[in-house]
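Novice: Model the full structure from these sequences, guided by the hints.
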Amino acid sequence: MWLVIGMEMMTFGLLFVAFALARSREPALFARGQATLDLHTGAFNTALLLTGSWCVARGVHALRAGRVAAGARWTWAGAACGLVFIGTKSVEYAGKFATGVGLSTDTFHTFYFLLTGFHFLHVAAAVVILAAIAWLAPRRGWGAHDAHAPETAAAFWHMVDLLWVVLFPLVYVLRG
Amino acid sequence: MKPIALDRLWLALLAATAVTWLLGEAGWVDAAHAWPVLLVFGLALAKGLIIALDFLELRHAPAVWRRFIVGWLVVTLGAILTLHFAA
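These protein sequences, in sequence, are chains A and B. Note that the first sequence covers residues 102 to 277 in the working numbering. Note that the second sequence covers residues 1461 to 1547 in the working numbering.
It is worth saying that the hints were derived from the structure and are not from the lab. Do not rely on the hints blindly, as some may be mistaken.
Computed footprint of chain B on chain A; a stretch qualifies when at least three of its residues, placed anywhere within it, have a C-beta under 8 Å from a C-beta of chain B [as the list claims (entries may be wrong)]:
1. 111 to 121
2. 155 to 163
3. 194 to 201
4. 262 to 275
Sample of chain A residues facing chain B (criterion: CB under 7 Å; computed from the structure) [unchecked claim]:
5. 125
6. 140
7. 259
The C-beta atom is built at its ideal place from N, Cα and C for all residues, glycine as well.
Specialist: Here is the structure:
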């Protein structure tokens, strides 16, 4: 999993820097594009992912302590945060598509959809992984002696959150 | 880390996000305002470190992964800021 996390972070890191470079070359275009983004939605999604990370961290802590039911509830809560994020993002995309913009509209929108779409897919995968862990928790007897699977799932989720922590200020907040 | 400590860190993360949101709403995170930009990205670094070191527990992990994640945060955010201020 750590190799996967490492590769994903390198890929996103390059995309983030490429976005910043493209914005420095076409500031007016990016300003127009960013002006169409909803900062409130971006901030709400940030709070969702951070809350998801909190839930996941609490879930791992509970599972390690042998508190299986609590660990499962916290992990389900983390997955739910991811699910709400997916819903919010889907509404955001629907709004974009309704105005006729898409991946090939201009450089800004190409980067916007690549960055956030790629991240969206990672959130979806993380939700599935967390849901699997929450469902398996009562059946697998994880505890202090073995919490490898929950910890691995948590690591993937935290990576997804870490990426958004950079993406949010870069795409939604910072203007040229 | 004890649950209460995780809870406090979560609240700190939300507070940092609120500050970023407010500065963005005020229209201060742009080329005309240096300190709000530095503050927003400083908060992003702080949030990333909390997630990496405390939620992801890299504080107690082998140094190689802690250095990779922290290094990634510093280099990525640094590159973004460099490109912003150089533009």
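Novice: Hints first: check each against the structure and report whether it holds.
Specialist: Hint-by-hint comparison with the structure:
Look at the segment 111 to 121 of chain A against chain B: 5 of its residues bring a Cβ nearer than 8 Å to a Cβ of that chain, three or more, so the hint holds. Remark: the segment 155 to 163 of chain A is confirmed as covered by chain B, as 5 of its residues place a Cβ nearer than 8 Å to a Cβ of that chain, reaching the required three. A count of 0 residues in the segment 194 to 201 of chain A with a Cβ less than 8 Å from any Cβ of chain B is obtained; the coverage claim is therefore unmet, three being the minimum. For a cut-off of 8 Å, the count of residues in the segment 262 to 275 of chain A with a CB near a CB of chain B stands at 10, and the three-residue condition holds.
Interface restraint check for residue 125 of chain A: the shortest CB-CB distance to chain B comes to about 4 Å, inside 7 Å, so the restraint holds. This hint holds: residue 140 of chain A has a C-beta 5 Å from the nearest C-beta of chain B, less than the 7 Å allowed. About 4 Å separates the beta-carbon of residue 259 of chain A from the nearest beta-carbon of chain B, less than 7 Å, and the hint is met.
Going down the numbered hints, you'll see the structure goes against just number 3.
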